[in-house]
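Enquirer: These are the residues of each chain, in order.
2 protein chains.
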Amino acid sequence: MDRNLPIGIFDSGVGGLTVYRALHERLPTERYVYLGDTARVPYGTKSLSTVERYAIENARFLVSRGIKLLVVACNTASALAVPAIRAAVPVPVVGMIGAGARAAVQAAAGSARVGVVATESTVKSGAYSKAIKALAPGTEVYERACPLFVALAEEGWAETEVARVVAEEYLGELRGLNVAALVMGCTHYPILRRVIQEAVGAGVRLIDSGEAAAAAVEALIDREGLRRTATQELRDLREAGAHARHLCDDLDHFYVTDAAERFAHVAERFLGAAPRRLEAVEVWGQDELQPR
Amino acid sequence: MDRNLPIGIFDSGVGGLTVYRALHERLPTERYVYLGDTARVPYGTKSLSTVERYAIENARFLVSRGIKLLVVACNTASALAVPAIRAAVPVPVVGMIGAGARAAVQAAAGSARVGVVATESTVKSGAYSKAIKALAPGTEVYERACPLFVALAEEGWAETEVARVVAEEYLGELRGLNVAALVMGCTHYPILRRVIQEAVGAGVRLIDSGEAAAAAVEALIDREGLRRTATQELRDLREAGAHARHLCDDLDHFYVTDAAERFAHVAERFLGAAPRRLEAVEVWGQDELQPR
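Chains A and B, in that order, give the protein sequences.
If you count the first sequence from 1, position 74 lands on 74 in my numbering, and the numbers rise without skipping.
If you count the second sequence from 1, position 31 lands on 31 in my numbering, and the numbers rise without skipping.
So here's chain A without its partners, still in its complex pose (with noise of 0.2 Å):
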């Protein structure tokens, strides 16, 4: 494997974003390439076997362009994706699940109770209790789902009374249980950190299952020696005449499956800068992949 191809990175749509932002921010040297799905956005609401496919086909679309590891940014595509998402592309794969149930157990130090949100199909699985509860047996698991999150989070409302009032309708309850730790398994979900923290109250360590991820392919990298050369990085910097690497810059490429115009003006929103490289294209039909 070429250790200075691009990290892929998918996403049901512009959620992801905030996963990226926690790459570039930890593996700064590194390129990305993202691919939003925002022709069939959102998966949170999907079967099994709806979500397997439309992930097959971003895997392989994101393989297609030559990268060295996928990252699927998509909690719900992690929940229920991910061994198709291995058997079908020859890269690492790292999902949301195993980093966020790691670091929740992590951060509930032996507590018998974790929180996790997330969307309707992430609950229904139960991925995460199962990936807690292997990792720290006797856990008690809080799952719910939160779907109002993503509308507040895309509609720019995160600092609301509206965010606060849904925020409290879904969290509430949470105050009385005693939890250590509440997962945000949710791409969305980190954009309403402040609401959620003051719904759940302050003693309650909030994981952002992006930065979790961000930290195992970290480790994955230097463990399989695939961290981006220093002469590269250099050659990187010059090539787009800059000094340093900025999010969204010229260096990471963006690509859509629709409405690319929308995906900049939220993009803009969660990361206050819109992607320099954004193109749509489509990624069903593998065999006749053509940028529209």
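Since the hints were derived computationally from the structure, they do not count as laboratory data.
Treat each hint with caution, since some may be false.
[Unchecked claim] In silico SDA-like pairs for lysine to any residue, Cα to Cα no more than 25 Å straight-line:
id: 1; chain 1: B; residue 1: K124; chain 2: A; residue 2: A273
id: 2; chain 1: A; residue 1: K124; chain 2: B; residue 2: K124
id: 3; chain 1: B; residue 1: K124; chain 2: A; residue 2: K133
id: 4; chain 1: B; residue 1: K124; chain 2: A; residue 2: G156
id: 5; chain 1: A; residue 1: K130; chain 2: A; residue 2: P83
id: 6; chain 1: A; residue 1: K133; chain 2: A; residue 2: G201
id: 7; chain 1: B; residue 1: K130; chain 2: A; residue 2: E261
id: 8; chain 1: B; residue 1: K130; chain 2: B; residue 2: T160
Computed from a predicted structure; not experimentally measured.
Please arrange chain B on chain A, whose structure you already have, making use of the hints.
Expert: Chain B in isolation, oriented as in the chain A frame:
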């Protein structure tokens, strides 16, 4: 055209059931075939070309099942794709926009201001504004996207404090604008009729685009001589072993492209009844239409 064929209805998902209900109330002796494209829902944030492609696949699927008339229950597909659908299928096509616009202009009764709430893509298309101004030039049309309404309706939160706060946030400013009528231009919004009415004030006439379209469908089938015959009606009831038609009974057939269980669950929330005949199908790749 065989007048005893069912009426086809498609929507991006479950929201079109409000249109099915309106049709069923107005034309209870007709039979209906409903397709919810739950594998690719929602359409309201997607682009023109993607919505056109999905809409044509849905329309062709329903035509392959045998229908006399097609109702595009999804407002976004109605706003973006009706010309493309008409070109693709050999049956009459009724969308939401024309009917909703006509009902709004009538209800506004000469007032210069009409409001429209709809999805992002419907608002961006300007379809309602154009249709209203074509009927009543000089009307000022105030359009607003209300993305959280869909999640609120599906969550079963229509009558909650959260819904009231969200409706106030979106629509409170309308109260000062002297709007005579407000089109609920997304299938989910009639579920929130009560909080919408509260937010805009009792003086504003709410237009349910589904009810308006049902009236248009009735006019069309009478004009074209397409009403189901009395003989066939009796046969239908005998077939069903029933004395009267009911919402979601055995005589209506429902298809979804994904997650039938979730569809049935939300249908029960919206209609008070779940479809008795509900089947998952694939509608893409029309050459090889297969039930899954």
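Enquirer: Regarding the pair K130 of chain A and P83 of chain A, is the alpha-carbon distance no greater than 25 Å?
Expert: Given that 25 Å is the threshold and the Cα spacing comes to 15 Å, the pair holds.
Enquirer: Holds or violated: are the alpha carbons of K124 of chain B and K133 of chain A at most 25 Å from each other?
Expert: 47 Å, violated
Enquirer: Are K124 of chain A and K124 of chain B close enough, with their CA atoms no more than 25 Å apart?
Expert: 35 Å, violated
Enquirer: Taken at face value, is the distance from the CA of G156 of chain A to the CA of K124 of chain B at most 25 Å?
Expert: Judged against 25 Å, a Cα distance of about 18 Å means the pair holds.
Enquirer: What's the verdict on K133 of chain A and G201 of chain A, does the C-alpha distance respect the 25 Å limit or exceed it?
Expert: Answer holds: K133 of chain A to G201 of chain A is near 24 Å, not above 25 Å.
Enquirer: Holds or violated: K130 of chain B and T160 of chain B, Cα atoms, limit 25 Å.
Expert: Roughly 34 Å separates the two Cα atoms, so the pair is violated.
Enquirer: Is the Cα-Cα distance between K130 of chain B and E261 of chain A 25 Å or less?
Expert: Holds, at roughly 23 Å.
Enquirer: If you draw a straight line from the CA of K124 of chain B to the CA of A273 of chain A, is it 25 Å or shorter?
Expert: 23 Å, holds
Against the hints set out earlier in the document, violations occur for numbers 2, 3, 8.
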